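Which chain is which? The protein sequence lines are F and L, in order. Just so it is clear: in the first sequence, position 24 is 27 by our numbering, and no numbers are missing. Just so it is clear: in the second sequence, position 25 is 34 by our numbering, and no numbers are missing.
The set of hints was computed from the structure by calculation and includes no laboratory data.
Not close to chain F: a few residues of chain L, all C-beta gaps over 12 Å, as computed: (1) V12; (2) D246; (3) R265; (4) T293; (5) D328.
Pairwise CB distance ranges (calculated): (6) L:I173 with F:S176: 46 to 56 Å; (7) F:G122 with L:E142: 55 to 65 Å; (8) F:W213 with L:V48: 14 to 24 Å; (9) F:G122 with L:V48: 25 to 35 Å; (10) F:D173 with L:R346: 47 to 57 Å; (11) F:G54 with L:I173: 50 to 60 Å; (12) L:R237 with F:R34: 49 to 59 Å; (13) F:G135 with L:P72: 30 to 40 Å; (14) L:G329 with F:A53: 20 to 30 Å; (15) L:L50 with F:R90: 23 to 33 Å; (16) L:G82 with F:F187: 45 to 55 Å; (17) F:V144 with L:R273: 52 to 62 Å; (18) F:R143 with L:P72: 22 to 32 Å.
These figures come from a predicted structure and were not determined experimentally. By construction, the Cβ of each residue, glycine as well, lies at the ideal position given by its N, Cα and C atoms.
This is what each chain is made of:
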Amino acid sequence: MLILGIETATQQVSVAIGGHEGVLSVFELSRGRRHAETLAPAIEFVCRQAGIEMTEFGVVAVDIGPGLFTGMRVGLSAGKAIAQALRVPMIGISSLDLLAFPLRHADRTVAAVIDARKGELFYAFYRTVPGGMQRITDARVGSIDDLVGDLMARGQTIVCVGDGALRYRDEISSGFRCDFAEQFLSHPSAAPLVQLAHAKALREEWVNPWEIQPMYLRAPDAQINWSTRAGGAQ
Amino acid sequence: MNVTEQTLVLGIETSCDETAAALVMGGYDVISSAVSSQVDLHAQFGGVVPEIASRAHLELLNPMIARAVVEAGVSEQRIDAVACTIGPGLVGALLVGVSAAKALSLVWDVPFVGVNHMEAHLYAAFLEDPTLEFPLVVLLVSGGHTMLVEMRDHGHYRLLGQTIDDAAGEAFDKVARFLGLGYPGGPAVDNEALHGDPEAINFPRAMMHDGLDFSFSGLKTSVINHVRKHPDVSAADVAASFQAAVVDVLVAKARRAAELVGARGLALGGGVAANSLLRERFLTACADGGFHGFLPSREWCTDNAAMIAATGWHRLRSDGPTPLDTGASPNLRLPLRP
Ligand SMILES: [Zn+2]
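Chain F on its own, in the form it takes in the complex (with noise of 0.2 Å):
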């Protein structure tokens, strides 16, 4: 069973096609174009160069953050879309989970974080089980002091990961230690998509695309604004 795998919910694009043999072709840009302009030709790309015909897929797999809303909807749309027109199913993976697999050989615990932007970070704690990664913690969306009080609760040396451990590191490790992932692992790539994709294809872990759901973790900001305004008029 051949698997498309969309991945843009970072300022990263990647797309990727996995089969039984593992991963058959990836594209993967981190800087110039946008999401919305590299995502198509980058599908027709990667099925060009592998010899794959569109009709030939079985599953769409996308990253359904959480990451930046308006790159993440792209390849979500994108990857709806053509689940639909090939009345195929889809997988949707997190972000995080991607993030965290690539380093499954570690053997420590791990923190998935990922820049959320206005001084926020989305991040999820794992942990190393036979054949992948395990997550511990719930998703969830928070402050730099927030994660730093989640590391130390852990009281473990842990690995950080992704984008904002990037972006943050100098605050992160100057309230606690902690090691750091190599920097080409910091955004998740449609490789590891396909593989857990695959992986949960087997199992038939798959929804329609019309049920396939985004992780925001956040409201919009009209909700927030809308809610503080109700509660203080009350």
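With chain F's structure known, arrange chain L with the ligand on it following the hints.
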């Protein structure tokens, strides 16, 4: 690609707060049109909230595309091209549609056509009357735009006048909010005005005798000042008098524009074109001026995907497909080719 009367285009529209998909054949023949309005989601905020709109488009677009295809009763294999609004509009909202449209063009292996939303409003009139003759003057009035455009031929436009400050629809929204009439302001003021006297208050007709540009921010200020000075004034009279002032200017300038360019016809477009007084006065002015007046139905005045598909058909025929590395252009202007 050979673009013919049989060419079937899927149109997608997500530029503001309507999620829409439609199938149009040969540039005029609407086979199906599905629209989901998010008006209720934004009503409590008194205006469109971009992030809420983008989230809703992502949820609603697939069902709208499915509905358009099912209602058309055609197989997806029959679709020859996918057209989508690329601007102007809210960037996050536009990107949901553009990403889906390009993805569909890849899967179906058909051309993608990026469409200018304002140009599509000009084409809305042709959905019901393909025999409209050029030169045609179109008065385009919506929440974001107020402009007078001369269509000399398909794809050839000249901007004759536009607002120098607020759009007419924006003035309706602001006055409705000030009077506590609710959101969206257009229908709210329209309804309230039914019970009022349009001659009760003589609000200014800004720039009435001054070129073909418009200005509505002074009018909005006059309404606010008048109500502050006369707190007991009837809201219905204010609504009716305000609406009369807006419509007077719109209709007078549209008629003058049509006379200036020697237009064969005069058409209305945009969300404000659903206003009942504007529709009535517009037809009277056309009859008086001897132009063929054209009023699209309300469903084609407000945002819809049929006008996108129709415009896509014309642009595909004249310019060919749009490259897949095209993004959204939130500030896209009407392409002016005299
Ligand atoms: Zn519009």
